[in-house]
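Participant: Listed below, chain by chain, are the residues.
There are 4 protein chains.
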Amino acid sequence: MECPGLIVAPLTPFDHELNVDETRLRRQIDYVIEDCRADMVVAAGVETQEYTYLSLDERKALIRRTVELVGGRVPVMVGVSHPALKTAIALAHEAEILGAAAVQLLAPLRPFAGPPTRDDLVSYFETIARETGLPITLYLNPGPGAEVSIADTIALAKLPRVQFIKESSRDLARVSRLIAEIDRAGHARYFTTMQMLLITLLLGGSGATMPPPACEIARLIVDAFVAKDYQRAAEFQQQFALFPAKWMHRGLAPVMKAAMNQIGIPVGDPYPPYAPLTREEVNELAACLKTTVLARRKLVEAAE
Amino acid sequence: MECPGLIVAPLTPFDHELNVDETRLRRQIDYVIEDCRADMVVAAGVETQEYTYLSLDERKALIRRTVELVGGRVPVMVGVSHPALKTAIALAHEAEILGAAAVQLLAPLRPFAGPPTRDDLVSYFETIARETGLPITLYLNPGPGAEVSIADTIALAKLPRVQFIKESSRDLARVSRLIAEIDRAGHARYFTTMQMLLITLLLGGSGATMPPPACEIARLIVDAFVAKDYQRAAEFQQQFALFPAKWMHRGLAPVMKAAMNQIGIPVGDPYPPYAPLTREEVNELAACLKTTVLARRKLVEAAE
Amino acid sequence: MECPGLIVAPLTPFDHELNVDETRLRRQIDYVIEDCRADMVVAAGVETQEYTYLSLDERKALIRRTVELVGGRVPVMVGVSHPALKTAIALAHEAEILGAAAVQLLAPLRPFAGPPTRDDLVSYFETIARETGLPITLYLNPGPGAEVSIADTIALAKLPRVQFIKESSRDLARVSRLIAEIDRAGHARYFTTMQMLLITLLLGGSGATMPPPACEIARLIVDAFVAKDYQRAAEFQQQFALFPAKWMHRGLAPVMKAAMNQIGIPVGDPYPPYAPLTREEVNELAACLKTTVLARRKLVEAAE
Amino acid sequence: MECPGLIVAPLTPFDHELNVDETRLRRQIDYVIEDCRADMVVAAGVETQEYTYLSLDERKALIRRTVELVGGRVPVMVGVSHPALKTAIALAHEAEILGAAAVQLLAPLRPFAGPPTRDDLVSYFETIARETGLPITLYLNPGPGAEVSIADTIALAKLPRVQFIKESSRDLARVSRLIAEIDRAGHARYFTTMQMLLITLLLGGSGATMPPPACEIARLIVDAFVAKDYQRAAEFQQQFALFPAKWMHRGLAPVMKAAMNQIGIPVGDPYPPYAPLTREEVNELAACLKTTVLARRKLVEAAE
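Protein chains in written order, with the working numbering: chain A, -2 to 301; chain B, -2 to 301; chain C, -2 to 301; chain D, -2 to 301.
Worth flagging that the hints you see were computed from the coordinates, not collected in a lab. You may find that some hints are simply not true.
Any copy, or any two copies together, can satisfy a pair, since identical chains are not distinguished.
[Claimed, not checked] In the DSS-like style, the derived pairs of lysine-lysine whose C-alpha atoms are separated by at most 27 Å in a straight line are:
no.: 1; residue 1: K155; residue 2: K83
no.: 2; residue 1: K243; residue 2: K287
no.: 3; residue 1: K83; residue 2: K57
no.: 4; residue 1: K287; residue 2: K57
no.: 5; residue 1: K243; residue 2: K83
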């Protein structure tokens, strides 16, 4: 993957029986690759993809289908995070067979109180590394996963197989330091979030991971950055000031699904019990999206 | 189940291939029922049982085996918590077939940032309640599960099928209030932790849930409480002042496994990557256990 | 002071010009000493006394007046917490001149990010200890003061001059351990809060600190405990289940002031900008207090 | 003040008797104004200035002396935060007399548990606003001050007298949104921290507040930004990746004092009980500073 890189995690559309809707998934993946020019696609790797609600068989089917639908146009990173170690290993084996470019693995929450130690974390990642030849993305997402200290993050980044880091915090003091001590130090490539994208690039980080349609705005930020048009990059970055923050009490997946529905690439509702945005919230979101680069697409789609 | 109730969650012994060691499980369950007089046994329901590391098939096998080994001597509550809704429902169906007395269900972490709303939580528990005729234990364990406010806990307790609550916090301001507004108000039975057991009973709560060998001490607390020998109950409660707190940086499962190994009912090491206590830590733990009622058992066992 | 001990921190009544209302202070102190039989009175020592809103001269006047109004009936502990070290020392000198029995000193918040180290804390308490011959109460109140770890609390408790500890948390795992390692170990006397009073006594702690009128309920808990009537003690302890928890979004001082106004010993409103309870909240509080031992007093007073 | 603005809070040098060392203060203020071209100087306004350790008279003297030493070269903002409302008002009156350009006021911690409500906060700021004609800086610093939600921050920013906001968090999701909803919306000017400076400017914020010598690096960031040389701005911003983060366990004031001592503008040690950096830490800091623009100054000074 070229850097700076835009890694995109497609949302998971469900039908009325809560099965994955493959038609909508296909349409979305085409959008992500053709329109947003994702540098890499994540299959069932981040919580916003609602993969945790799937049974293991459903999740494996989603991974396979995602790889097929990407069709080699860009590399695919397969999420192998699972509380059960053997299941994570089985998913890594499957990723290898499917031709994945990398696996993404959440720094695991210690389930019985207190954070994992550095030894716990290193041992865990080394165990997975012994089982796969693929590069590993260390996925940091406190809540579903562990809170990993700066020192422990650096220790994990120094493992040879850990070649990418996906950071979910918006703590710029932490991220500034980790970009310097990990990415600029040559240990691993550092990826952050949509809110952090421009400053990540300016500080020498490698990019960001996010779902659509945020990735359409992010594409323009990356392009402007590469073209050294920093003012334009900043204008696009400002489009992440209110979107998605103002609706985050609903959670990221519901907001992004609502935005996709707005721009004419429908992906349906969030998996229950999480509620979609109310009609009023959707209207406010639509008004906000009109102030972004997504507005054009929306109008085009609305005219269809 | 009689109240006050002592609910016990057996630890999961693993062999060298990380499969469940049924011989050790049997020995432990006998201890829990015969020696500690558990009022109910939990099958694969709390994180200390390390069930999250198991594949789904392994977990189902553990549940079935636990029910068999209990053999009807006491009721069994089956843990059905699973990130995937359909899997949780399938586990609830299985629990019913196995003759379980109740199912235990974790208030789920919203996986994509921010806490679930009250509507999310109520909808989730109602969905499960429609799928099973069994009483439901609302399991509160922030970290693996959601942080649930006092008001939302009360709302969930008022659901007819929610008949038990397992609280994991040691916040006595919260628990005092919830015992009053839930247990004494007649909505559900309130169970807490070993550290909270005596004050829970004194305030009108219903008991506590814990793994062995803590449950051996807890049995004496409950017995003394029922006998209205409160001073003696307090003396036993003091035995939870240092055990397990002093070793909790290792996590509850490793400490309890080390204590079981000490008292001669071996259950092996924690599931990787979590480390067992070091030799020095084991020695300190042994010295501490000598000051508790577990000392006698230990000496007896050591003499075998 | 005899132990178990009930330490009471009178609320600070303000008049319309926001000066201390001495008439109401006198009435309240008589209530605290004569009716509630406080074992010790705190002068301007805990935040619920709203002393932080006072200028230094006003605070000194409040301390002197409190000592005078207590009039030697019980020992007085003077609060000397102040962000400025020299001011804290000056207050300690004044306490000595006034014949105080002890000084109370908040474990200080490090004002510029991050917690104080153990060395910082020990050095701070040693500096004050060199300046006064009085026993020191280590006051733990994270928020206004530092979050102090279990290990650091024990280190401070071992300082010879630190003879009392006032803990504000309701974390029973923490408090159980600290009572064992500090109070039962002979390093210092451990005092907690109204919610924790009975279990503190049962575990071997020394008592609790609180404002009126909670102390009237607490008196009965302590008396029943001393009389070994633990069931009765538990019944009184249950009266702290809803009061003050249900109104704590207003803060402890406003709730306690409202309760005092209800029982006929008026102390006015909280210091601005903090709002008194609304009429509706007062009515709910009154209904709650009717279920406690304060009900009788209230009726008597209402008849006056 | 011109925007983007660099607001500088000089450190407070203490002599061996813990009195303010005016000679060193003068030298530092000249550095801040002449070399770093501060757009505004803060007198006793942020915790890094260690003003909370001063008695009220000492603090007033520090404010007066700072105003004198600045000598009208740039505007001065006077810190009036004080737990006692009347004292904060008295400080605001004094600021006016001294010709201050603004007052800075911490969003106050509610001292008796729980956060202040929006009404509490608005009422507090309105009370101060009635007492002074000066613009007010809303100072957000959770810990010493309250944690203020996004919605409450916006409500305070809409008060006419609140014209500046100083944000201490490094949460870019929060700050992105607040710059859009406050600064770009015209309610108040938004200032952040050294780590956030470049992205703050790119998103349309107004600048940052910080102590020396960080402000010397920040000056170059602001100058490069104004000159639209964003790559150069980013290079300077990267100099805040490790400095001060790697030494923040000591606290910001000790790190900044150590850095000033290194660059030849000595300001002594932190106020007790906080410890200065160890010799080893100073050496590591010196090595880090050599990689920044402060290196040149340091060499020059070392040669003197």
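Participant: Where does the structure disagree with the numbered hints, that is, which hint numbers, in rising order?
Facilitator: 4, 5
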